[in-house]
Amino acid sequence: MGKVSIGVNMEFVRHADKPFEWGAEKAAELGYEYIEPWVHWGRELMSEGGYYQTVSMLDDPLRIRRTCERVGVKLSALSAHCPLCKPDVSVNYLKQAIRFAAECGAPVVNTDEGPKPPWTTVEEDHVLMRYTLREAASVAEPRGVLIGLEPHQQYSKTPAG
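Residues in the sequence shown are numbered consecutively from 1, following our numbering.
Hints are computed from structural coordinates only; laboratory data are not their basis. Heads up, a few of these hints could be off.
Below are the DSSO-like pairs computed for lysine-lysine, each with C-alpha atoms no more than 30 Å apart in a straight line [what the hints assert, rightly or not]:
hint, residue 1, residue 2
1, Lys-74, Lys-3
2, Lys-74, Lys-26
3, Lys-116, Lys-74
4, Lys-86, Lys-157
5, Lys-157, Lys-116
6, Lys-3, Lys-157
7, Lys-26, Lys-86
8, Lys-26, Lys-3
9, Lys-95, Lys-74
Take the sequences, apply the hints, and build the full model.
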């Protein structure tokens, strides 16, 4: 029989005005075995200043790995949500998140289809999402990183899709 482990998305500390390291320590203190950090592109003032728990993918991925080792938690995934229906945004974002995940030790990069562009049809959205995921998979597969699709938006949040 498989083993189920309990983890927490780092969103649980988003209102604490504290950095990633504080959130990882708090998760360990609360007894969580796994955490799912948020990553973002570029520089974000509140995160850089230590007032928010997201981590820039321009930062050193070993920052996450070392913190997890120090506080005794493991990575379940990275939260790298982006609009899969918009490949101009998502392809490079997901590829970078996958490379970052491989280096920091996260086995999965989570995303969702994101909001539907108002100018596309359902059929076009599925072509765009398939393109984005295939491009991302070309980077994920050789690194052994999985892509997780969370059910948040118009096509995945209900069984009818």
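Now for the hints, and whether the structure bears them out:
1. Restraint check for Lys-74 and Lys-3: the C-alpha separation of about 15 Å stays at or below 30 Å, so the hint holds.
2. For the hint linking Lys-74 to Lys-26, the alpha-carbon distance of about 13 Å falls within 30 Å, and the restraint holds.
3. For the given pair, Lys-116 sits about 33 Å from Lys-74 by alpha-carbon distance, which is inconsistent with the 30 Å threshold.
4. Under the criterion of a C-alpha separation no larger than 30 Å, the hint pairing Lys-86 with Lys-157 is consistent with the structure, at around 18 Å.
5. Taking the CA atoms of Lys-157 and Lys-116, the gap is about 13 Å. The hint holds against a cut of 30 Å.
6. As the CA atoms of Lys-3 and Lys-157 are separated by approximately 26 Å, the hinted pair is consistent with the 30 Å bound.
7. Our distance criterion of 30 Å between C-alpha atoms is broken by Lys-26 and Lys-86, whose separation comes to about 35 Å.
8. With a CA separation close to 24 Å, the supplied pair Lys-26 and Lys-3 stays within the 30 Å bound.
9. Annotation: proposed proximity of Lys-95 to Lys-74 holds, straight-line Cα distance about 22 Å (limit 30 Å).
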